[in-house]
Amino acid sequence: MAENHPAKRRFRWTPGLVLGIVLMTAMVLVGLLAPLFLSDAAEKLTANPSQGPGPGHWLGTDDFGRDVLARSLVATRLTLLMTAAATVIAVVGGILIGTFIWLAPPRIRNAVLRVIDAAVAYPSLIFALLIAAILGQGAWSAVLAIAIASIPAFARLTANMAASISQRNYVSTARLLGVPGPRIITRHMLPNMAEPLLVLTATVFATTLIELSSLSFIGLGVQNPEYDFGRLLNESLVNIYSQPLQAVMPSIMITVAGLSAMLIGDGLAAATDPRGGRKFGSVKTASEVPASLRADTQSLVEVNNLTVSTPNGVPLVKGVSLSIHPGEVVGLVGESGSGKSLTAMSIAGLLPEELTVTAHSLRLGELDLRKKNDPRTLATSIGLVYQDPGTSFNPALRIGSQLTEVSRVHLRQSRKAAYGRMVKALADIRITQPETRMGQHPHELSGGMLQRAMIASTLVTDPRLIIADEPTTALDVTVQADVLRQFRTINREMGTAMLFISHDIGVVQALCDKVIVMNGGKILERLTGAQLAAGDVRHPYTKALLAATPSIAERKAELVSVRAEDFTYDEVPDEVPSTAVLSEGKE
Amino acid sequence: MTEPTMLSKEAVILEESRTQGAAAGSRGTPRGLSPWGSYALRRAGGVVLSVALLVVVTFFMVPLIPGDPAVAVAGADATSEQIEAIRQNLGLNQPLHLQFIQYLGNLVTGNLGESFAYSTSVSTIIATKLPFTAEIAILGILVTLLVSIPAGMAVGIMTRGGRQKWMDVGFGMLTGFFQAVPQYVIATMLVVVFAIVLKVLPAAGAATLSSLILPVVGLSIAPICSISRVVRRETATVLEQDYLRTGRGWRLPALRLYARHALPNLMTTTLTLAGLVLAGMLGGAIIIENVFNWPGLGKEIVTAIINKDYPVIQGIILVLGFLAIILNLLVDVILGIIDPRTLGGGKSHG
Amino acid sequence: MHGRITALGAAAAAAALLLTGCTTGSTGAAAPAGSAGPSTDTIRTALNADPTTFNAAKANAKDDYEVARFLYDTVVRRDADGKFIGGLATDWKSTATEASLTIRKDATCADGTVITPGIVAKSLSYFADPATKNNFGKLVFGPGQPTITADDAAGTVDIKLAQPWSELIGGLTLAQTGIICPAGLADLDGLAKGSVQGAFSGPYTLTKASHGVSYDMTLRDDYKAWPKWSQEPEGTPAKTVRFFPGVNKTTVANQLLTGEMDVSDIAPADTARFEGNKDYTVTTVPFAGIFLLFNQRPGSPFTDPALRKAVAQLMNQQAFNAAAYANKGITYNSIVAPTVACALEDSSRITKEDADAAKAVLAGKTFKMVGTTSIGPNGAGSTYVQEALRAAGATVDLNLVDNGTWATMTQTKPETWDMTVQGDANFVGTVAASLTRIAGVPTDKGGRNIGGGENADILADISAAQAATDDAQRCDAYTKAQISALEDNDIYPFVGEPQIVAQRPGFSIQAPSGIVDYGTLRITK
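Chains as they are written, first to last, in this note's numbering: chain A, 1 to 587; chain B, 1 to 350; chain C, 1 to 525.
So that you can see chain A by itself, here it is in the shape it has in the complex (with noise of 0.2 Å):
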């Protein structure tokens, strides 16, 4: 959240942000012109007090003889103006104590910060309630009232945002080099938060809006002569058996305000959300392809033609064939987006739905991967390793638990032998104290030990294929090669086929037998494990790929200079995607 280039996301427009729109310009227009054409409808007490509908009065007239329609509509100006200024000085109180507590010593902002947690603990209503009390009726000390009350969780939120804002290198730098307090805040903090700030301050008009009409309403907010929406309702309420015409204008015009604030600020947040703004189709498993190349009936793994797409037609997987012989490890090497990890989770049956999978070919076995499959044999037969051990794992659970879950689940073993069999396995592989490791939480542990833990948890089920899809990445370079020396050891003693991912064709060279290098969706070059070590390889991206390794890093700027594009690829050329499509495929 709270990027540095806000910017570059697209703004993406959706229903309820145009529909939103379109009713608080609505809203505003009447709060406009109401005023000038129907104060007079809306005012002028009249001889007929009470009145059902009519023709002069589409929803009759109150108590006092004036339109209930006019007065619905008139009221929307005064509303509208209190719940700005509401929303603007509770957003505006709550930024500035926010930010300014950063440049407080840490005592003492560490005391407000407890002082805004229990204010925002606090019934805010029961706060308001006595502060439009003690300032008397009237529509500003409602909206004094209002915005007082809604100023510490602001202020909350504001100080968060602050505080991870402040960590950040320029903040500090800033400070460092004496730049003042207030210039950080209008030129960092501020411009970081803008966007939620944003979303927030739709939401909270929203709220403000019915928090100042039930102010009204209870009797605390507007006087007469002045009225808004919670007014009007209030006194309408009084004769809803007896005219319950009078309190639907109100209650309308309240609902739609309120109702296009808040989907403006959905609007907004789903605008302004990295995640959003994906585009799904229909799941299509069946294919047409073209016959087969190179058919192994021997192979335990065989993948023929495989082809990625995205709902949009975009290929980011384009052919690609290839076969694993039991106890064999292949590496799949290249750099991001090349599709290497799209054509390992199309092997596991894990990607994305709205990704489009066609193959002549995808089989584990004898089973065919292109149909839905059993979920016992699978989660049996394919064990999966995955990049960053600190996120696979969930942290709310202790690890013992995630670790027996397929033997509990999918073997039916019964919860203490399959506490006893993990034991074992995490012991296997040299995990000290596993009982105590089964009993903690994942943010208890290490990477390096999460990572053998999840190896392990792979082990139990005897599976014919491991996948690893960059199990090293996101280790120290000392836990890595141990990792690493688990897989080879595995692979030796149990005879596990694996199929290895890796960006870093370094550490691919050391494990596997056969070595495939991707780029663009499409496969460069094959080589076996020996060749790879002999450098003996043909492509130049290859070679950029080995010159980047750290043993020859002065090579480095190489591989910089070099592009996909550049090369003719040795299998069917084709386009070559946009960047910008690739980076929205799964990695």
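By construction, these hints were calculated from the structure, which means they are not laboratory data.
Misleading hints may appear alongside valid ones.
So these bits of chain C aren't anywhere near chain B, every CB distance computed over 10 Å [said to hold, decoys possible]:
#, residue
1, Ser100
2, Asp111
3, Asp151
4, Ala162
5, Leu219
6, Gly235
7, Val282
8, Val361
9, Lys365
10, Ala407
11, Leu459
When the alpha-carbon atoms are kept at most 30 Å apart in a straight line, the in silico DSS-like pairs for lysine-lysine are as follows [what the hints assert, rightly or not]:
#, chain 1, residue 1, chain 2, residue 2
12, B, Lys199, C, Lys525
13, C, Lys133, C, Lys208
14, A, Lys372, B, Lys165
15, B, Lys199, C, Lys278
16, C, Lys239, C, Lys278
17, B, Lys199, C, Lys239
18, C, Lys208, C, Lys62
19, C, Lys249, A, Lys44
20, C, Lys105, C, Lys160
21, C, Lys368, A, Lys44
22, C, Lys249, C, Lys224
23, C, Lys62, C, Lys193
24, C, Lys278, C, Lys62
25, A, Lys44, C, Lys309
26, A, Lys371, B, Lys165
27, A, Lys44, C, Lys359
28, C, Lys480, C, Lys93
29, A, Lys44, C, Lys352
30, C, Lys105, C, Lys224
31, B, Lys199, C, Lys249
32, C, Lys239, C, Lys83
33, A, Lys44, C, Lys208
34, C, Lys160, C, Lys83
35, C, Lys224, C, Lys208
36, C, Lys83, C, Lys93
Even for Gly, the Cβ is constructed at its ideal location relative to N, Cα and C.
Use these hints to put chains B and C onto chain A, whose structure you have.
Relative to the frame of chain A, chains B and C by itself:
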């Protein structure tokens, strides 16, 4: 009235869930203590500070309400001597700081004072009415959580990553609509439909179990909308987390995946908000209490403000504030049990 | 993990059930009949607010003397057609300066003590004692301290007034003068809380008091001292009367219609919901006279009679009635209800509406007004005055406040207001009781006249009326006083605030001589 500012709190909580972990910066952990130990130490300080502030603010703010309590107590047609005598009786002639010291002294012994207006002690009034408020508030929050968590999760799952756009829009409109309709309109409509027209439920009062239904529903509708929106958004976030992909890799059944892996991770935000909602319901059901003639604390405080009944206002504000602080603490403790990371002890995984 | 969440959930659910059980158990179980239908021996009714005291002699608010009527008997009761009947007294003789009451011998306190003349005299003396600090003593006994003595042998109580005061017998019908038995006078704290069972002389005792929730009164088995009404109310007194305090009037109307409430005051706007329904009985009586009062202290613009007249010329009783009381208010010809003895018989003395003349005087003027939210829904009564003056080009800064603040401002801060809409509950039903509010001693000098205008003519007329020996003479004096107040535009009378009591089928209540007597609450089937 429900707790209307709840909405802005909801908004704030939503935003905070987007800026996850930001608050961690303000938390430090004393060395050499277990997570719970240091947590208890840290929170105890906070509670003491909050309570102290509450007592001071309450005591000195309440007398700022315009109007002379002695005149209000004396009623119409009282002579100025009578009013003066009453003022003397109520101890209002003493300097404020002396009154405060006396108030503190009483507070330490659990004595909240005597009502100015009624021949009863404040503690009796609160003890009589708090159970009624607590009854609808607790049922209200249970109903709210039981409805909004499954509903929010279901919608979050169905619309994850931008699926079923129209359901997303529809959900936003529907929940937005019910939040935008003022509670007094909703409550009145409930009475009109279920008590007056259909005659299936009592219109008001706290006489029977069935008379609980309408107030609880009226109290819960807005929070159901706001919490289910939060749950929906949190679900969307949680579903994109790596550990859910791990769960899918383990081919866990959908129910197990969502209930065991997604649900606990929604709870931090949901329960934090629920705690605030409950505190709000305890103190802010004034409209519901009015429409349904429910003998709760909200109505009492409005009457007390009208009567300038300082001890009652102070007592209720104090008790509600104290409850809010305790609830806040309780929620945090529950969250600590569900997800020990929130204790602020260990390192963070986002 | 799983286990802990489950445990937490279970604990929360259990706690909720426990709480639910506690609270509904106390109310739900006590009313097994619930809302299903009328229970045969209980009457459910509403109070505006919690009674502030159960000490009848200190009852200041309407709810206080409403409950006092059940708990304490007065010596005299009001019957139909302005007549009086005996309560604890069987017979009485009175002149302008003294009265002698013969006390019945069969009446007892709730603790069995026989109510002797001595007990009656002691209770009335307590009521009349300035130290008791009630606001009604002067209404009953007139100015000065009365001397109240008992003759137990003769069975009489003698009251000697300090000054002539012809309203004594009427005053002794007030629930505030209810006889408090010795047990109550011995424990004033307990008396106020209603916890002294022996204090009660009336037909009911307070058996349960739950602040803000409900109050139960139970009929005494040994009570026989019912008054002999000229027309005996039908039905039987309820074994239990349950009061629900602080109920919103619209909600009460709902509850009456759904059968959750039996008898209660309702709001004027809700009357229409009952009027078409032949099962329900609606009794409407004037409760308080509503009038526009001018501040006539030096410094207020309304020391100028021309301004007062102009404002009065803008006022319209019907429009006020529609705005404040949904046309259910009782039209007043004067400061008192038409039912009060000696009230003016037609509206000819009220300043005639003349908007144009008023406009010429008032346009561009600004006035300070204070009003209470309790006159008309949300203070619509004051709003009406503000709007009417606004239409004439005058600006009114209206400060609409609750009753307590209104009392503070009108009584102690005369500089904060120029005019106000006042409600005058005339409990004794005499012209004098209302006139002293606008012409008597100003509040700043210890009187009850908040307007501060000391109209000497009116005061002289009141004295003449009090000293009068026959009714015609008294009425002459009162008529003169009323005309004087209207011609001087000290006030502009609007209407009588209606007290509208709706009764569900099977329940009834009487309002003899236009004042609701809660002692006549009956179950008729």
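Hint by hint, here is what the structure shows:
With 10 Å as the threshold on Cβ separation, the claim that serine 100(C) sits away from chain B holds: the shortest Cβ distance comes to roughly 29 Å. For aspartate 111(C), the requirement that its beta carbon stay farther than 10 Å from each beta carbon of chain B is met, with the minimum near 21 Å. With 10 Å as the threshold on Cβ separation, the claim that aspartate 151(C) sits away from chain B holds: the shortest Cβ distance comes to roughly 32 Å. With a least CB separation of 17 Å from chain B, alanine 162(C) remains clear of the 10 Å interface cut-off, as annotated.
With a cut of 10 Å on Cβ distances, leucine 219(C) stays outside the contact zone with chain B, its closest approach being about 21 Å. Annotated as non-interface, glycine 235(C) keeps its C-beta farther than 10 Å from every C-beta of chain B; the closest such distance is 23 Å. A cut-off of 10 Å between C-beta atoms confirms that valine 282(C) is not in contact with chain B; the least separation is 18 Å. No Cβ of chain B comes within 10 Å of the Cβ of valine 361(C); the nearest lies about 32 Å off, and the non-interface call holds.
Every Cβ of chain B is farther than 10 Å from the Cβ of lysine 365(C); the closest lies at roughly 26 Å, confirming the non-interface assignment. Here alanine 407(C) does not stay apart from chain B, with its beta-carbon only about 5 Å from theirs, under the 10 Å limit. For leucine 459(C), the shortest C-beta to C-beta distance to chain B comes to about 18 Å, beyond the 10 Å cut-off, and the non-interface label holds. As the CA atoms of lysine 199(B) and lysine 525(C) are separated by approximately 23 Å, the hinted pair is consistent with the 30 Å bound.
The straight-line distance between the Cα atoms of lysine 133(C) and lysine 208(C) is roughly 27 Å, inside the 30 Å bound, and the hint therefore holds. Proposed proximity of lysine 372(A) and lysine 165(B) is supported: the alpha carbons are some 26 Å apart, at most 30 Å. For the hint pairing lysine 199(B) with lysine 278(C), the CA-to-CA distance comes to about 19 Å; that is within 30 Å, so the pair holds. For the given pair, lysine 239(C) sits about 26 Å from lysine 278(C) by alpha-carbon distance, which is consistent with the 30 Å threshold.
Simply put, lysine 199(B) and lysine 239(C) have alpha-carbon atoms about 28 Å apart, close enough for the 30 Å limit, and the pair holds. Between lysine 208(C) and lysine 62(C) the alpha-carbon distance is near 20 Å, which keeps this suggested pair within the 30 Å criterion. Among the hinted pairs, lysine 249(C) with lysine 44(A) is consistent with the structure: their alpha-carbon atoms are about 29 Å apart, no more than 30 Å. Pair hint lysine 105(C) plus lysine 160(C) holds up; C-alpha atoms about 23 Å apart against a cutoff of 30 Å.
With a C-alpha separation of about 21 Å, the suggested pairing of lysine 368(C) with lysine 44(A) holds against the 30 Å cut-off. Using a Cα cut-off of 30 Å, the hinted pair lysine 249(C) and lysine 224(C) is violated, with the two alpha carbons roughly 34 Å apart. Distance check on the hinted pair: lysine 62(C) and lysine 193(C) sit about 17 Å apart at the alpha-carbon level, within 30 Å; holds. Restraint check: the Cα-Cα separation between lysine 278(C) and lysine 62(C) comes to about 29 Å, which is no more than 30 Å; the hinted pair holds.
Pair hint lysine 44(A) plus lysine 309(C) holds up; C-alpha atoms about 23 Å apart against a cutoff of 30 Å. This hinted pair checks out: lysine 371(A) and lysine 165(B) have alpha carbons roughly 27 Å apart, not beyond 30 Å. Simply put, lysine 44(A) and lysine 359(C) have alpha-carbon atoms about 15 Å apart, close enough for the 30 Å limit, and the pair holds. For the proposed pair lysine 480(C) and lysine 93(C), the alpha carbon gap of about 29 Å is at most 30 Å, so the pair holds.
About 21 Å separates the Cα atoms of lysine 44(A) and lysine 352(C), which keeps this hinted pair within 30 Å; it holds. Proximity of lysine 105(C) to lysine 224(C) is assessed by CA-CA distance (about 11 Å); at most 30 Å being required, the pair is judged to hold. At most 30 Å may separate the alpha-carbon atoms for a hinted pair to count; lysine 199(B) and lysine 249(C) meet this at roughly 19 Å. For the hint pairing lysine 239(C) with lysine 83(C), the CA-to-CA distance comes to about 29 Å; that is within 30 Å, so the pair holds.
In summary, the hint linking lysine 44(A) to lysine 208(C) is not supported, as the alpha carbons are separated by about 51 Å, beyond the 30 Å threshold. At most 30 Å may separate the alpha-carbon atoms for a hinted pair to count; lysine 160(C) and lysine 83(C) meet this at roughly 22 Å. Between lysine 224(C) and lysine 208(C) the alpha-carbon distance is near 23 Å, which keeps this suggested pair within the 30 Å criterion. A hinted pair counts as satisfied when its Cα atoms are at most 30 Å apart, and lysine 83(C) with lysine 93(C) qualifies at roughly 14 Å.
The structure fails hints 10, 22, 33 (numbered hints given earlier, in ascending order).
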